[in-house]
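Student: Taken in sequence, the protein lines are chains A and B.
In terms of the numbering used here, the first sequence opens at residue 99 and continues consecutively.
In terms of the numbering used here, the second sequence opens at residue 74 and continues consecutively.
It should be emphasised that the hints constitute simulated quantities derived from the structure, not laboratory data.
Here the structure is a predicted model, which means the values were calculated and not measured.
Just so it is clear, CB atoms sit at the ideal spot from N, CA and C, and this is done for glycine as well.
Some hints could be false.
Listed next, the in silico DSS-like pairs over lysine-lysine satisfying Cα-Cα at most 30 Å (straight line) [as the list claims (entries may be wrong)]:
id : chain 1 : residue 1 : chain 2 : residue 2
1  : A       : K134      : A       : K120
2  : A       : K139      : A       : K150
3  : B       : K181      : A       : K107
4  : B       : K181      : A       : K138
5  : A       : K165      : A       : K150
6  : A       : K134      : B       : K144
7  : B       : K144      : A       : K107
8  : B       : K173      : A       : K138
What follows is a set of in silico ranges between Cβ atoms, one per label pair, in the way DEER data are often shown [as the list claims (entries may be wrong)]:
id : chain 1 : residue 1 : chain 2 : residue 2 : range
9  : B       : K173      : A       : S178      : 22 to 30 Å
10 : A       : N177      : B       : P152      : 49 to 57 Å
11 : B       : N170      : A       : N160      : 19 to 27 Å
12 : A       : G114      : B       : P155      : 40 to 48 Å
13 : B       : N170      : A       : L211      : 32 to 40 Å
14 : A       : V110      : B       : K185      : 34 to 42 Å
15 : A       : I154      : B       : P155      : 36 to 44 Å
16 : B       : N170      : A       : D168      : 21 to 29 Å
17 : A       : T209      : B       : P82       : 20 to 28 Å
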Amino acid sequence: DTAVSQTPKYLVTQMGNDKSIKCEQNLGHDTMYWYKQDSKKFLKIMFSYNNKELIINETVPNRFSPKSPDKAHLNLHINSLELGDSAVYFCASSQQGRTDTQYFGPGTRLTVL
Amino acid sequence: DQQVKQNSPSLSVQEGRISILNCDYTNSMFDYFLWYKKYPAEGPTFLISISSIKDKNEDGRFTVFLNKSAKHLSLHIVPSQPGDSAVYFCAAAGTYNFNKFYFGSGTKLNVKP
Numbered sequence: 099d100t101a102v103s104q105t106p107k108y109l110v111t112q113m114g115n116d117k118s119i120k121c122e123q124n125l126g127h128d129t130m131y132w133y134k135q136d137s138k139k140f141l142k143i144m145f146s147y148n149n150k151e152l153i154i155n156e157t158v159p160n161r162f163s164p165k166s167p168d169k170a171h172l173n174l175h176i177n178s179l180e181l182g183d184s185a186v187y188f189c190a191s192s193q194q195g196r197t198d199t200q201y202f203g204p205g206t207r208l209t210v211l
Numbered sequence: 074d075q076q077v078k079q080n081s082p083s084l085s086v087q088e089g090r091i092s093i094l095n096c097d098y099t100n101s102m103f104d105y106f107l108w109y110k111k112y113p114a115e116g117p118t119f120l121i122s123i124s125s126i127k128d129k130n131e132d133g134r135f136t137v138f139l140n141k142s143a144k145h146l147s148l149h150i151v152p153s154q155p156g157d158s159a160v161y162f163c164a165a166a167g168t169y170n171f172n173k174f175y176f177g178s179g180t181k182l183n184v185k186p
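Okay, chain B solo, but in the shape it has when bound (with noise of 0.2 Å):
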């Protein structure tokens, strides 16, 4: 049963535009969202994160939208680079539970130069 899921397995946009990475959850107890980056043979790496008291986090060109209603978060990538390219990763946690992160399937982004 996953709690966490990413439903686009994979991604392809031009260099420059918007790169929007979607996720979906079911456990209404989560109010900590990540969102990791991981190239091939690395291990995933932190990018962005989100708490349940916010709805919208920006770091940079990464902005995460949290829609707790509808139980979906979703990553902006303005504007995508090729290095962008990597599987992303969505993570959800309960403040009850801190240590125990459920992790999404991955979505592989492509930023076509």
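In isolation and in its complexed conformation, chain A is listed as follows (with noise of 0.2 Å):
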């Protein structure tokens, strides 16, 4: 059973596009996390949620819209895609407080044209 699944595996688009990845965890957890991999291979968080609740929210263009309809599910939209936006995209998971069982799913590889 996968633990966190994110789709699309890879996305491929032109600039000036809207899109969408969705992220879901069948663990129970009650915190989730976006993400972002750049081409320099750093992983920097963009947004958390907390039942639902956004508690982390780094300095991301507004461009980047995280929803999440329950505790299982935390999608990440982008509109008006911009070159710089590829990248690969993680969601993870974990339980609020415990910072050793946070759960990364496969990844999300955006490329933008």
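Join these two chains into a complex; the hints should help.
Tutor: Written as structure tokens, this is what we have:
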């Protein structure tokens, strides 16, 4: 059973388009995250939700909008895609306060042409 | 401004020998440190952690050492095995905000048979 799943795995799109990446976890965790791994390979946190409430919102363009319909899902919608948005996006989940139980999804490689 | 740095992008080690992966951090408020392992096309998986009240934590073949005064930690793998070949990420967090991890850029370890 996949603990944290992301769809799609690969996403190739044109500049200016709007796209969404979906994330689901079946671990019963109450906290979910989105990370961006840029071209320099750093993993940077973008957002974190705890029980559907936004708790971390890093300096991310407002073209990025996370949505958490329930505790098990955290989707990432990106408007007006730009070349610089090309990266691998990882979703993760954890139990509140337990940093060692952060489980990552397989990543979504977004390429903006 | 990267607060966690892994200055060696790659490391090659012979099977059976020790692998030493290094990580430096700049924020003195960090008091919890983790190592993650990442295989291609997968998300990072938690490997081992250490809190700032300790200077060493061991789990089987993996040992993490923390030098707070130098703001440096290292991961030792003994003996190294070909299956250990992966990218290793160092991460840090502060108890003031347990949900927010800062990751390094990773070190790609190649263990040669």
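Student: So, for every hint listed, does it hold in this structure?
Tutor: Tested hints:
no.: 1; hint: A:K134 x A:K120; in the structure: holds (14 Å)
no.: 2; hint: A:K139 x A:K150; in the structure: holds (28 Å)
no.: 3; hint: B:K181 x A:K107; in the structure: holds (22 Å)
no.: 4; hint: B:K181 x A:K138; in the structure: holds (13 Å)
no.: 5; hint: A:K165 x A:K150; in the structure: holds (8 Å)
no.: 6; hint: A:K134 x B:K144; in the structure: holds (25 Å)
no.: 7; hint: B:K144 x A:K107; in the structure: violated (36 Å)
no.: 8; hint: B:K173 x A:K138; in the structure: holds (20 Å)
no.: 9; hint: B:K173 x A:S178: 22 to 30 Å; in the structure: holds (27 Å)
no.: 10; hint: A:N177 x B:P152: 49 to 57 Å; in the structure: holds (50 Å)
no.: 11; hint: B:N170 x A:N160: 19 to 27 Å; in the structure: holds (22 Å)
no.: 12; hint: A:G114 x B:P155: 40 to 48 Å; in the structure: holds (45 Å)
no.: 13; hint: B:N170 x A:L211: 32 to 40 Å; in the structure: holds (37 Å)
no.: 14; hint: A:V110 x B:K185: 34 to 42 Å; in the structure: holds (35 Å)
no.: 15; hint: A:I154 x B:P155: 36 to 44 Å; in the structure: holds (37 Å)
no.: 16; hint: B:N170 x A:D168: 21 to 29 Å; in the structure: holds (24 Å)
no.: 17; hint: A:T209 x B:P82: 20 to 28 Å; in the structure: holds (22 Å)
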